[in-house]
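Enquirer: Here are the chains, one letter per residue:
There are 4 protein chains.
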Amino acid sequence: MHARTALAICLVFASAAAVRAQSRPPEVDPALIEDLVAANRILSHEKVLDSFGHVSVRDPRNPNRYLIARAVAPSLVTPNDILTADLDSNLIDAQGRTSYKERFIHGEIYKVRPDVQAIIHSHSPTVVPFSVTKYPLKPILHNAAFLGDGPPVFDPRDVAGATNLLVETPALGQAIARTLGKANIVLMRGHGDTVVGPNVRLATFWAIYAEVNARQLAQAIAIGGPITFIEGEEQRLTHQNMAKAYERPWEMWKREAMTAR
Amino acid sequence: MHARTALAICLVFASAAAVRAQSRPPEVDPALIEDLVAANRILSHEKVLDSFGHVSVRDPRNPNRYLIARAVAPSLVTPNDILTADLDSNLIDAQGRTSYKERFIHGEIYKVRPDVQAIIHSHSPTVVPFSVTKYPLKPILHNAAFLGDGPPVFDPRDVAGATNLLVETPALGQAIARTLGKANIVLMRGHGDTVVGPNVRLATFWAIYAEVNARQLAQAIAIGGPITFIEGEEQRLTHQNMAKAYERPWEMWKREAMTAR
Amino acid sequence: MHARTALAICLVFASAAAVRAQSRPPEVDPALIEDLVAANRILSHEKVLDSFGHVSVRDPRNPNRYLIARAVAPSLVTPNDILTADLDSNLIDAQGRTSYKERFIHGEIYKVRPDVQAIIHSHSPTVVPFSVTKYPLKPILHNAAFLGDGPPVFDPRDVAGATNLLVETPALGQAIARTLGKANIVLMRGHGDTVVGPNVRLATFWAIYAEVNARQLAQAIAIGGPITFIEGEEQRLTHQNMAKAYERPWEMWKREAMTAR
Amino acid sequence: MHARTALAICLVFASAAAVRAQSRPPEVDPALIEDLVAANRILSHEKVLDSFGHVSVRDPRNPNRYLIARAVAPSLVTPNDILTADLDSNLIDAQGRTSYKERFIHGEIYKVRPDVQAIIHSHSPTVVPFSVTKYPLKPILHNAAFLGDGPPVFDPRDVAGATNLLVETPALGQAIARTLGKANIVLMRGHGDTVVGPNVRLATFWAIYAEVNARQLAQAIAIGGPITFIEGEEQRLTHQNMAKAYERPWEMWKREAMTAR
Chain A
84 MHARTALAIC
94 LVFASAAAVR
104 AQSRPPEVDP
114 ALIEDLVAAN
124 RILSHEKVLD
134 SFGHVSVRDP
144 RNPNRYLIAR
154 AVAPSLVTPN
164 DILTADLDSN
174 LIDAQGRTSY
184 KERFIHGEIY
194 KVRPDVQAII
204 HSHSPTVVPF
214 SVTKYPLKPI
224 LHNAAFLGDG
234 PPVFDPRDVA
244 GATNLLVETP
254 ALGQAIARTL
264 GKANIVLMRG
274 HGDTVVGPNV
284 RLATFWAIYA
294 EVNARQLAQA
304 IAIGGPITFI
314 EGEEQRLTHQ
324 NMAKAYERPW
334 EMWKREAMTA
344 R
Chain B
84 MHARTALAIC
94 LVFASAAAVR
104 AQSRPPEVDP
114 ALIEDLVAAN
124 RILSHEKVLD
134 SFGHVSVRDP
144 RNPNRYLIAR
154 AVAPSLVTPN
164 DILTADLDSN
174 LIDAQGRTSY
184 KERFIHGEIY
194 KVRPDVQAII
204 HSHSPTVVPF
214 SVTKYPLKPI
224 LHNAAFLGDG
234 PPVFDPRDVA
244 GATNLLVETP
254 ALGQAIARTL
264 GKANIVLMRG
274 HGDTVVGPNV
284 RLATFWAIYA
294 EVNARQLAQA
304 IAIGGPITFI
314 EGEEQRLTHQ
324 NMAKAYERPW
334 EMWKREAMTA
344 R
Chain C
84 MHARTALAIC
94 LVFASAAAVR
104 AQSRPPEVDP
114 ALIEDLVAAN
124 RILSHEKVLD
134 SFGHVSVRDP
144 RNPNRYLIAR
154 AVAPSLVTPN
164 DILTADLDSN
174 LIDAQGRTSY
184 KERFIHGEIY
194 KVRPDVQAII
204 HSHSPTVVPF
214 SVTKYPLKPI
224 LHNAAFLGDG
234 PPVFDPRDVA
244 GATNLLVETP
254 ALGQAIARTL
264 GKANIVLMRG
274 HGDTVVGPNV
284 RLATFWAIYA
294 EVNARQLAQA
304 IAIGGPITFI
314 EGEEQRLTHQ
324 NMAKAYERPW
334 EMWKREAMTA
344 R
Chain D
84 MHARTALAIC
94 LVFASAAAVR
104 AQSRPPEVDP
114 ALIEDLVAAN
124 RILSHEKVLD
134 SFGHVSVRDP
144 RNPNRYLIAR
154 AVAPSLVTPN
164 DILTADLDSN
174 LIDAQGRTSY
184 KERFIHGEIY
194 KVRPDVQAII
204 HSHSPTVVPF
214 SVTKYPLKPI
224 LHNAAFLGDG
234 PPVFDPRDVA
244 GATNLLVETP
254 ALGQAIARTL
264 GKANIVLMRG
274 HGDTVVGPNV
284 RLATFWAIYA
294 EVNARQLAQA
304 IAIGGPITFI
314 EGEEQRLTHQ
324 NMAKAYERPW
334 EMWKREAMTA
344 R
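Protein chains in written order, with the numbering used here: chain A, 84 to 344; chain B, 84 to 344; chain C, 84 to 344; chain D, 84 to 344.
In short, the hints are calculated from the structure, not lab data.
The reader is advised that the hints may include incorrect statements.
To be verified - One-sided and incomplete, this derived list gives chain C residues near chain D with beta-carbon spacing under 8 Å:
(1) Ser134
(2) Ala156
(3) Thr209
(4) Val242
(5) Asn247
(6) Leu249
(7) Thr262
(8) Ala301
(9) Met341
Using N, Cα and C, we set each Cβ at its ideal position, and we do this for glycine too.
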């Protein structure tokens with residue numbers, strides 16, 4: 084990179100930070116907004132999110148609020164698109180803008196999972212087939228030990244009969260939070276999954292490796308024969324270790340996603 | 084590339100804006116032409132169209148006409164390539180240019196489906212395997228509820244014996260329109276599919292998610308066991324809802340396709 | 084594109100053409116060299132060729148010679164890399180450069196197939212699995228009717244016992260030419276395939292759709308049940324028709340490959 | 084991105100050339116460092132390495148040392164990131180930087196395999212499914228003859244009971260070196276593989292074709308029926324030949340990886 088190009092990039096980012104300072108209440112750490120935007124872009128670039136998914140973080144100023152983009156495709160999210168909602172998913176600062184209809188997923192999970200600071204809902208392409216078959220999405224790759232012994236699967240028919248499959252009401256949001264329980268991820272039948280985590284970088288890591296493990300498990304099933312899963316004490320140790328290992332991939336993914344066209 | 088070719092490209096770029104203003108009758112909304120061009124580019128960028136597919140819209144000035152590109156690969160279509168045909172698929176304003184030989188697909192469907200305003204014919208790569216096997220391409224992903232209980236499959240052998248598999252006559256166009264019936268999509272054996280819709284953005288959405296659902300269904304089949312499809316009232320509600328949800332993906336796909344090299 | 088950028092492109096191409104004129108004997112049509120280079124780049128861009136494949140055309144000045152690149156990865160081939168060989172695959176104008184060790188494939192086929200004007204040898208990734216199993220690579224997609232009722236498979240063990248699998252001798256070149264017979268393509272066990280055609284654009288078309296049909300057939304097999312192939316009179320009509328249809332994809336592929344980084 | 088981060092990037096770029104000159108002992112051939120960096124970038128670009136893999140070369144100045152990057156994603160490695168370790172995997176010139184926790188893989192293999200000059204550890208995506216099933220990853224493609232009759236599979240449970248699956252101790256490094264034995268590659272259950280070679284270009288070639296062969300073998304298995312592997316004398320001849328054939332792909336891969344965004 085030319086020094087001149089690098090300087091131009093500096094100026095862009097410097098002025099972007101200034102603009103941002105006015106448009107967001109001063110007490111929100113811009114680094115958190117930057118992470119939230121990066122998570123949207125990374126998950127789009129990695130093809131985990133299509134145009135419909137969404138990512139949120141709990142508001143560090145007020146645990147009864149969360150930050151989420153207006154209703155725009157994740158790959159197009161910028162800092163100015165981030166709105167604030169309360170845990171009933173009412174928008175606080177929308178100024179005429181709307182957010183995702185399914186944001187009840189976020190609000191209702193934040194209510195009952197105080198440990199959760201970030202939530203990702205996606206149509207993760209290879210997770211969907213596992214949501215409509217009986218084969219559990221158990222971990223075969225060490226990076227995917229967070230999957231435990233196979234995530235719970237949410238089916239809205241169990242609680243609400245025939246629906247449009249979307250989580251567009253508080254009641255459905257509460258139902259998916261119940262199905263999630265203490266897990267890190269819940270599959271959604273015919274729809275995708277929702278990943279929750281203690282911060283948005285680790286949740287991003289988990290959302291990506293849920294997709295990677297799904298691909299590799301589907302291949303292992305096609306190869307055939309008994310499959311060795313990551314289970315028991317090994318699962319616990321592996322999960323514990325990988326939960327600290329998200330900074331290196333985050334740096335790489337962010338560089339790739341933010342410099343992509 | 085020849086110097087002559089490069090020079091030709093220069094001239095095209097230099098004069099495109101000027102030429103465009105005169106080459107289209109003033110009453111066509113340029114936004115519709117832009118959408119038609121964008122659909123060609125989006126579907127190419129998303130790998131639903133190869134070099135042979137085509138996209139049309141019914142002419143808003145005259146419901147007995149439709150707009151379709153000259154015979155050029157969809158990824159290369161520009162506003163200057165759009166021609167007008169009557170419903171017998173005679174070109175009105177070709178000025179020596181030709182369009183796709185299979186344009187009877189478009190004309191004959193527009194004749195019998197007044198609700199249809201846009202048509203896409205593609206060699207959608209993962210739809211082809213479903214066209215030559217007996218497994219119905221039923222929806223497992225909520226975005227694909229438009230597939231109903233599995234689309235009809237058109238086989239030219241049923242009406243015309245051995246052919247070159249292309250829909251190059253009015254009779255074959257009428258036959259595919261009959262097989263389509265009231266559906267949103269008809270598979271074409273050993274060939275691909277044709278998607279019809281109330282506008283070109285929704286038809287684009289459906290063409291893309293037909294391919295996505297085909298990929299995911301093929302994976303679910305390989306995983307094995309009973310598969311939960313989207314059926315009955317749930318299918319109706321999901322389809323109804325998704326039919327209003329195409330603007331967000333359109334914005335993203337268009338940005339990606341039109342800024343691609 | 085800015086006019087300035089377009090102008091820069093013009094100048095580059097214009098000077099490239101000038102340079103080329105000196106480096107090639109005047110009687111070779113530069114358009115043929117351009118096609119040969121483009122075929123190398125297209126087939127690399129479409130992932131049919133890895134770094135080892137090669138493409139040749141029969142020399143229009145002398146049917147007992149052919150043009151082929153020096154030993155360089157196809158994605159890096161430029162007009163200056165094109166050498167001339169006789170049909171025993173001796174290089175005529177190498178000036179110290181070497182070409183591919185397997186060029187006997189080309190020379191020996193040109194000897195016995197006067198109808199062949201272009202040859203492509205590739206490690207086409209999804210064709211390889213069909214070369215090591217018994218399932219015939221028969222056409223399910225109309226674009227692939229040139230595959231006939233399944234191409235012959237060349238196994239060097241049948242003629243030479245244990246080898247390094249490469250066609251590095253005249254005898255092995257003659258053997259593959261015999262196995263090819265009158266077909267358009269011959270699979271090579273554990274290796275890839277060789278496609279022959281009446282011109283390099285059609286051969287390129289066939290090499291790409293051999294790979295596409297292999298992918299789609301593998302998926303159809305995984306979906307299961309009886310598969311409808313393109314056979315008999317339908318195969319004949321489809322093949323005849325598609326053999327005239329390569330200009331539209333060529334234009335698209337060339338644009339994409341030659342403007343890629 | 085923070086203005087602060089952007090500024091840091093500027094400073095890095097501005098001072099990189101200057102720093103580099105001093106940070107490497109003069110006697111290391113810069114061409115070897117360039118190869119090591121290129122291998123990191125190539126294997127990332129080819130999707131064999133995700134953000135966690137690592138590549139090393141034995142130090143040409145001292146066979147009891149090796150060169151490996153600091154703990155950074157391979158796609159981001161630059162010459163300034165290369166550190167030196169002794170064969171107990173103590174860092175010699177870290178200046179406060181850390182390297183990969185699993186670097187014992189490298190040190191312990193270099194100890195017992197004097198023929199090995201380069202080592203690659205990856206989470207090669209299609210190799211993982213073969214590490215958790217019983218199907219041996221035997222070669223079907225001539226380029227993959229280095230796989231022999233199927234590589235050994237390392238399972239840390241066999242030597243250390245439940246672990247986090249990572250090779251983070253000398254004892255586990257010694258165990259994987261024992262499992263590797265005289266092979267060119269060892270699979271690691273639920274984790275990936277480690278490839279060793281006489282130079283970093285050939286090791287890169289092998290790491291890439293291990294992944295390619297895994298993909299093609301998985302497809303052959305799905306196609307079904309008996310599969311013809313490369314075995315016996317044919318395997319020996321093919322392996323011998325391909326072991327000299329890495330320069331052409333290296334040139335192509337390096338061009339593509341180093342010019343990628």
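Enquirer: Work down the list of hints and note, for each, if the structure agrees.
Expert: Hint by hint, here is what the structure shows:
Given hint, C/Ser134 at the interface with chain D, holds; its Cβ is 4 Å from that chain's nearest Cβ, closer than 8 Å. Annotation: interface hint on C/Ala156 holds; nearest CB of chain D at approximately 4 Å, less than 8 Å. Annotation: interface hint on C/Thr209 holds; nearest CB of chain D at approximately 6 Å, less than 8 Å. Annotation: C/Val242 was flagged as interfacial toward chain D, and the flag is violated, the nearest CB pair being 13 Å apart, outside 8 Å.
Given hint, C/Asn247 at the interface with chain D, holds; its Cβ is 4 Å from that chain's nearest Cβ, closer than 8 Å. At about 7 Å, the closest approach between the beta carbon of C/Leu249 and any beta carbon in chain D falls short of 8 Å, and the interface hint on this residue holds. Against a cut-off of 8 Å between C-beta atoms, the interface hint on C/Thr262 is violated, since the closest Cβ of chain D lies about 16 Å away. Hint on C/Ala301 holds. Least Cβ distance to chain D is approximately 6 Å, under the 8 Å limit.
Using the Cβ-Cβ criterion of 8 Å, the hint placing C/Met341 at the interface with chain D is not satisfied: the shortest such distance is roughly 16 Å.
Consistency with the previously given hints fails for numbers 4, 7, 9, ordered from lowest to highest.
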